[in-house]
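Participant: Whenever a hint applies, use it, and build me the whole structure from the sequences.
Residue numbers (the numbering used here), protein chains in the order written: chain A, 1 to 178; chain B, 1 to 183; chain C, 1 to 162.
It is possible that part of the hints are untrue.
Restricting the straight-line Cα-Cα distance to at most 25 angstroms, the calculated cross-link-like pairs of lysine to any residue (SDA-like) are [claimed, not checked]: (1) A/K152 x C/D98; (2) A/K73 x C/I160; (3) C/K126 x A/W24; (4) B/K171 x C/N108; (5) B/K119 x A/W24; (6) C/K144 x A/T89; (7) B/K154 x B/I142.
Because the hints were derived from the structure by calculation, they are not lab data. The structure presented is a predicted model; accordingly, all values stated were derived computationally and were not measured.
One letter stands for each residue in the lines below.
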Amino acid sequence: MSATKRVQQWATLSRMWYLFDAQWQDPFRSAQTLALYLTGQNKPIYHPLNDCGDHVVVINSKEVALRGDEWKKRVYFHHTGYPKGASWTLAWQLHEKDPTMVMRKAIFKAMASNLIRRTNMERLHIFPGSEIPEEIKGNISGQIRPVMPVPKRLTGYSKEEIDNFPKVFDYPNDYILR
Amino acid sequence: MSNSHLFLQSGFIRTPLQNGLGRYIPQLQRITLKFCKNQGGSRGVRDFIESDLMDFAKNNPGTVVYLKPRRHRSPCMVAEYLNGEREYLSCHEFSRDEVHKWLSYMCTRSGIPVMRFRKYQHTDYPSIQGVWNPFTHQAPEINLAQYPNDILSKPANQGPTATEQLIEIFKKTQIKDPIKPEH
Amino acid sequence: MALRNLSQIGRKVFEVNCNKSSSIFVASIRNIKQVTHNENPDGTVVIAGNYMPSPRANQIITVKSENEGHCNSCYMCKLNLDVKHTDVLILSQFVRTDGCMLPRRVTNLCKRQQKRIGTMVTMAQKAGLMSNINPSWSHKDPRKRYQHKKWNSYWDETTIKC
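Facilitator: Spelled out as structure tokens, the structure:
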């Protein structure tokens with residue numbers, strides 16, 4: 001193999017490091033996207049025997065948003081293997097214990113159950129906050145777009161923005177504004 | 001579960017000598033027909049030798065044809081190819097037509113053994129525009145981008161929200177006729 | 001004389017703008033009616049309640065085109081916007097400062113829109129995007145809520161049943 005072809009092959013099979021901001025993202029919807037990147041299915045060179053998965057760095061996993069009242073409805077089951085060893089943990093309790101766990105389990109579930117699933121999971125790096133270690137931050141060479149728009153709180157707008165925003169109706173004359 | 005994969009070779013698709021482009025060389029170099037002069041199992045082979053073999057030899061001058069009579073044994077044919085491969089075929093109780101058909105099959109084969117293809121396509125030129133890599137078709141700005149990036153932090157293909165639409169409608173109405181206070 | 005004029009004002013809300021009669025101040029925030037206090041040269045005192053322009057008057061949006069909505073009479077149906085619970089700038093117009101939804105008598109919406117917007121206001125409040133019970137200037141952190149309310153959640157508008 002010539003030197004050019006060898007370098008070309010390195011480029012083709014090189015691993016990318018992608019950043020994903022999980023702020024206000026549904027972990028189960030974003031897991032569908034992230035699983036593609038972790039298994040390499042976003043690449044045209046993908047083949048089941050081709051180990052071409054990328055690294056994904058998830059930040060702000062503490063800020064994920066679940067739909068509706070899923071925080072108190074979703075239950076995670078664990079069994080120690082001993083009698084009476086079953087335990088059920090609500091999603092909000094699990095998130096309090098480990099803010100990366102809901103995201104990690106969602107991505108693990110979104111990937112196909114096979115022998116390379118755990119190898120691909122090794123390439124997932126989840127951080128609860130927005131801080132990334134320097135050695136990981138230096139590798140990042142791309143970003144995965146979020147799946148949902150990030151909402152803005154009303155307190156995030158200034159008073160001028162709220163006052164100047166077009167109003168859809170006016171109060172009746174005899175209305176006491178409170 | 002079958003064990004067929006234990007016996008069936010696997011490999012990649014290939015053709016000898018650029019698919020015969022330019023000058024055709026017959027790949028079948030030598031064919032040996034073994035048969036018995038007495039037994040019924042060789043009858044079709046004997047018929048073929050009597051009536052059709054001379055024509056076959058004339059039509060394929062690049063192929064050496066051997067005949068090997070042997071006593072009280074089942075007939076067979078052995079084809080030997082340019083690439084060194086050797087193909088054996090039992091012709092027991094073959095009719096004359098069957099022998100003819102198998103012989104023409106051996107004659108037109110390339111000699112590459114029958115195998116399971118690991119890929120169904122092959123090209124000497126995998127890509128004209130260059131082999132893909134993760135930076136193919138990427139905007140050049142990402143070379144200097146800092147992450148997290150503001151543009152990439154928004155979802156793709158997102159239409160305007162109702163808030164943005166309302167501001168747009170309000171701007172349009174203001175341009176046409178400025179609203180005066182009603183009271 | 002002054003008392004008679006005051007009785008004509010009736011149940012209207014007003015603010016007294018002059019320093020002399022600040023004792024008859026009733027409600028402040030809404031300047032819908034203003035009491036003016038004039039002394040004529042002949043000695044008569046005229047106290048009149050005049051309508052004031054609404055603070056929203058310059059920002060009111062008027063829809064002229066008849067869009068295909070649920071009904072023709074309601075302004076939200078005419079606007080025909082896909083309002084979501086994240087559009088807090090729109091939803092905050094329909095609530096009082098304590099976060100309660102305004103009644104239909106005030107908002108003048110059709111029944112369907114009143115239900116939709118009322119539900120979306122609740123969604124926004126549960127998601128912590130708009131404050132509930134607290135005044136609008138409150139900076140109360142939604143993260144300080146308890147248990148499952150502590151974490152971010154979003155709602156699906158297709159679940160509104162109307």
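Participant: If a hint holds in the structure, say so; if it does not, say that too.
Facilitator: Each hint, compared with the structure:
A C-alpha spacing of about 20 angstroms is found between A/K152 and C/D98, which places the hinted pair at or below 25 angstroms, so the restraint holds. With a C-alpha separation of about 19 angstroms, the suggested pair A/K73 and C/I160 falls inside the 25 angstroms cut-off, and the hint holds. Between the alpha carbons of C/K126 and A/W24 the distance comes to roughly 14 angstroms, so the proposed pair stays at or under 25 angstroms and holds. A distance of roughly 24 angstroms separates the Cα atoms of B/K171 and C/N108; the hinted pair therefore holds under the 25 angstroms criterion.
Under the criterion of a C-alpha separation no larger than 25 angstroms, the hint pairing B/K119 with A/W24 is inconsistent with the structure, at around 44 angstroms. With a C-alpha separation of about 21 angstroms, the suggested pair C/K144 and A/T89 falls inside the 25 angstroms cut-off, and the hint holds. With a C-alpha separation of about 16 angstroms, the suggested pairing of B/K154 with B/I142 holds against the 25 angstroms cut-off.
Of the numbered hints listed earlier, the single one contradicted by the structure is hint 5.
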